[in-house]
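*Asks:* Note that the protein sequences, when read in sequence, are chains H and U. Using the working numbering, you'd call the opening residue of the first sequence number 1 and step up by one each time. Using the working numbering, you'd call the opening residue of the second sequence number 1001 and step up by one each time.
Honestly, the hints are just simulated from the structure, not real lab data. You can trust all of the hints, since none of them are fake.
What the simulated footprint calls covered on chain U by chain H, stretch by stretch (three residues with Cβ under 8 angstroms from a Cβ of chain H suffice, anywhere in the stretch; the number is not a length):
no.	region
1	1177-1185
2	1285-1299
Chain H stretches covered by chain U per the calculated footprint, using a threshold of three residues with CB under 8 angstroms from any CB of chain U:
no.	region
3	308-321
4	354-361
None of the values given here were measured: they were computed from a predicted structure. Note that beta-carbon positions come from the ideal geometry of N, C-alpha and C, so glycine has one too.
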Amino acid sequence: MRSLPSILHVDLDAFYASVEQLHKPSLRGKPVVVGGIGNRGVVSTASYEARAFGVHSALATGIARRRAPNAAYLIPRFGAYQVYSERVMALMHELSPLVEPLSLDEAFIDISHLMEPIDRQSSRNATLKARQVADDLRTRIKTETGLTASIGAGSSKLIAKIASDAEKPDGLVIIEPGTEQTWLDPLPVRALWGVGPATAERLRKIGATTVAELRTLSHAELTAAVGASYGATLYAIARGQDDRDVSTDRELKSVSVEDTFAEDLLDPATITAHMDDLVTRLSGRIRKAGRSGRTITIKVRGHDFTTVSRSETTPNPTDDPAAIRAATHRMLPGAVAAATQLTPGVRLLGVGLTGLAEWAQLDLFSAEEGDDTLDFWDRDAETAPGDSDGDFDMDMPRGVVEGSAAPAAPQPPPDPDPQPDPADITTPVPTVEGERSPRQFGPLPPGTRGAVEAAGAERRLLPGQDVTHDEFGGGWVQGSGLGRVTVRFERPWTGPGRIKTLRSDDPALRLTDAADLAREALELLAGRGPDDGISIGDMTDEPAKTEVVDNELEDRFEIWHGDRLAGFAAYRRRGDATVFVHTQIEPEFEGKGLASVLARRALDETVARGQAIIPVCPFIAAYLRKHPEYEEHVRWPAPDSPAGDHSGDR
Amino acid sequence: MKFRVERDVLSEAVAWTARSLPSRPAAPVLAGLVFEAVESEGGEGDNGSVTLSGFDYEVSSRAQIGADVTEPGRILIHGKLLADIAKSLPNRPVEFSTEGSKVLVSCGSSRFTLQTLPVEDYPALPTMPTATGAVTASGLASAVSQVAIAAGRDDTIPMLTGIRVEIEGEKITLVATDRFRLAVRELQWKPEQQDMSATSLIPSKVLSDTAKALTGGDWVTLALSGGDAGEGLIGFQSGDGASSGAKGSRRMTSRLLSGEFVKYRSLFPSEYNITATVETAPFLEAAKRVSLVADRTSPIKLAFTQGEVTLEAGAGDEAQASEAMDAVLDGEDISVSFNPSFLLDGLQVIDTQYAQLSFTVASKPAVLMGRPALDAPPQEEFRYLMMPLRVPGQSAG
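Work out the full structure, taking the sequences as your base and the hints as a guide.
*Replies:* Structure below.
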């Protein structure tokens, strides 16, 4: 155990609702509820004003509306939250390289390096230092974003986390080393990490309602009550034992790109062209990350969702698009044949690289080497964007390919040569075996998701969305219906604005990007004009929207980051219950708190449908233990539950 | 069929021919070795001969050995089993005799009864093309061993698993590459026709095995047919039945690889900015030591400064190693990283006291050559080109 209160846990208060209040001056100081706005929706976050009415996360929106009829009910604007989150995380990174984000609004920081000059014997001085650092951070978060944060500091993650919750909102609690147990003992067991109502009830039955009482229980008693693994954890944390490090272990394990197509691809040449495009994106990404990889994996999903993966391992790590492309060309025909055995058509293509290394074996025949080496791999390399350019920039304009969710046709590259009609270009691509297959760059339909988003004719104006009007300026949708839309024209930096009711098809009214508004607001706070063109807090490569969708065809909730599948929670429907069987986040998206976002949205949706939650998946189970608000909807699976009295509806 | 043969002669011939037998034969008969015994033609000291042959549709091998043949015949015996038996027999004459579909192998007091395979189902072996020239057995073996290290082992690009053989008059050039390094070796030979010019691509494994296996005689005859046509065949022969006594002759054919080899000559820089010369053996030893901390593909860094080279491997919080030794540097200081096994492979086949590394820039290929003495020019007959590793902090170009 550390002897200094060097771990901070930072938790933004009512994060989504707070951002909404910052962006919508008329809502400041008023009850705001962010979440699913329909009657079957579920509350994501309630402002503290709304919490006074008994509205809290995971409450059915229908119930929330009855409890707080005058609150503003808004859809979440993840783009904006992401921007604020990145800004706050950046502030933390200025303090310490050891920042471990738990979700968009929560992170641990290890500040032990700031305590180095302090006399290590004096925990009193260290505590003062922690207070000063935490206070400064809260002040900076407040001045630079307008948000309030609660911070807990202590000698372990456990203590810091519990401390940050002790005086929410806008609180700061520092537990002086040596006093942890005294401080923990009187707390109810529910204050401990992972203890939800069910566990609390089990513990109550064996005589523990407070941490002090919990400590009197033996390891065996705890194991009998809550299972071997959690029992051991509980035994340790009841004693304040937690020596986990703040982990920034976000080491890249793999890099992959994939596209789902609006219409199934049938033509081998088109499939190859799309794969080539993915390879170009993949190698751009891998180079940007300064890595190379040894195992190239392709993924092909057929019309009937048959998903086939093939991989090839090269003896030496590579980042060379020509070598990766050659490998995909070798694997693609077999994988496509296997995925389209029963029904023709390819709905998804993906390519990834694993076995990553920081060095790359240069290739004698690499296409990028210029004039003095042989362009052996692909004599037409210059027709593919980026191949001939070792410093290929992912951000170069690429038509619709990168910029939207629509994986559209590979665009003819910006080429000094005059481009023939794209529909007529057929570029022969010699494969390694010397065969020649035609590669067509033809106009292809835009992707499904993009098409839905772009369908202007059916635009849905939802409460909370950002809009701009040619005449009245920027504002947000307060309500809509019957061909009318009510817009409140105000911006984060204006005072409360006026309301106007317009026709929903008013051509002067356009939806705008929440992330852009968030950046503008932050820049203003930072004392820079919105036109300086500096994007703040741009920590990720591409600020992209995160959204969770229910893919009923595959029985899973999927979390999308921009146009890429970041992970999913697989489920099985069993009558009135939904069994969560498996949750996974793609390695490159790990550590961004996406799993929690996914879990929350998936569970909210399940509850909204009136379905009970059966958590077979350990991650979902752990999430539910941390988030007791779902308890009334959870049926714990029997085998791992000695207290089987919690199965069944209550 | 009945014959008697010396145990050593038998076991060596069986081992040699059985080596090219497929481990998973396409047809059961291909797991067999054909034994064909012929009686003496009446020459002095000629009691007859036995020819052993194996074939897997790609490679055929044929060994002829002297034997005391009392009854001629042709049978097919399971090759791997016979090889195991032959090498375990006591050092006494071995007698083979057939009894119906069985063959009895007896040696001293050991008796083996083996089931024969249907020899009539065995495919015909390709005929040996006409001889195109001859090369010394030791010269071929050493040249092939230098080049084979650079051949690819990955079947996905068959062309890279081959050794290209270019014949131009009295010069043969052998080339192999796995696209990360490339080895070129030139050697002299005696062509049948002085003005001949031909190229072929031989599976590297076959050529290495053959070159090693044919060191018995002084000369190896090369026979090339088809050449660039794709269905080409190359034959090797060492010794011949009449003159080489009991050990007899060896003959091997292999299908050639099809496909065009890379145009490799332009990969060699036309001139070098920097050359570094080191003493081969100590440098190899140092590189081996330092490489112990590098995993299979992680870099070994060579930092050359005036008079010295520092070898370094390992990174970050893992094991690290470094070693410095004398080097003669001509040009600016340079620091280059390589795959350690590529470097070791190359150094191991340099047989001169000194080795010279030539560079243009750190991200371009480096060339390794042997150098007999510091005051002698490098030997250009063998050149080993290595592509460096790009390491963090170094640009792509």
